[in-house]
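J.: Residue 60 in full-length UniProt numbering is what sits at position 60 of the sequence shown, and the numbering runs on without skipping anything.
Keep in mind that the hints were calculated from the coordinates and are not lab data.
Be aware that a few hints might be false.
Now the in silico label distances, taken between C-beta atoms and shown as ranges [to be verified]: (1) G21 / G75: 26 to 32 Å; (2) E147 / A52: 29 to 35 Å; (3) N2 / V127: 20 to 26 Å; (4) G146 / E117: 20 to 26 Å.
For every residue, glycine included, the Cβ atom is placed at its ideal position computed from N, Cα and C.
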Amino acid sequence: HNGIAEAVQSRLYRGLPDGLGIYQTLGVHVAPLGKLYVPDLVVMPTELIAAADPEVSDPMDASEALLVVEITSRGNAREDRTKKYRAYARAGVPMYLLIDRFDTRGPMATLFTEPNEDGTFKHTDAVPFGKPLALPSPFDVQLMTGEFPGN
């Protein structure tokens with residue numbers, strides 16, 4: 001789990017534009033649902049993080065994230081596939097990357113893009129581990145799923 005997060009973060013840094021940061025353990029608030037989630041990785045504008053009060057650990061608004069990454073564990077895979085999928089779409093997160101080691105088809109990396117207010121995404125690009133997954137602008141990088149630990 002942590003090794004995959006590190007591999008994704010490392011790859012994202014290769015295409016990360018100035019003004020964006022990659023954060024672990026950053027709480028995000030999904031206002032339409034009144035929910036708080038702590039994704040494995042969140043890409044947000046650094047100015048929002050810098051402007052946050054360091055004395056307060058309030059979550060950031062999920063709608064400000066450019067990319068949210070969840071990596072499944074046995075105990076949370078269903079929630080990542082369903083509840084969080086709908087929540088991030090409802091919040092308007094432009095890209096949700098689900099790395100699902102327990103997919104019934106085998107380990108998969110799926111990028112959901114173009115969120116709808118109904119809690120779905122318009123586009124889905126899924127690849128099995130071992131195949132590259134293209135992350136579009138502003139990242140413009142290939143996620144090399146074959147490099148994931150344990151693959």
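J.: Now look at each hint and say whether the structure bears it out.
T.: Verification of the supplied hints:
1. Take G21 and G75: their Cβ atoms lie about 28 Å apart, and the range 26 to 32 Å holds.
2. About 33 Å separates the C-beta atoms of E147 and A52, a value consistent with the hinted range of 29 to 35 Å.
3. For the pair N2 and V127, the supplied restraint of 20 to 26 Å holds, since their beta-carbon distance comes to about 22 Å.
4. Between G146 and E117 the beta carbon distance is about 36 Å. The supplied range of 20 to 26 Å is therefore violated.
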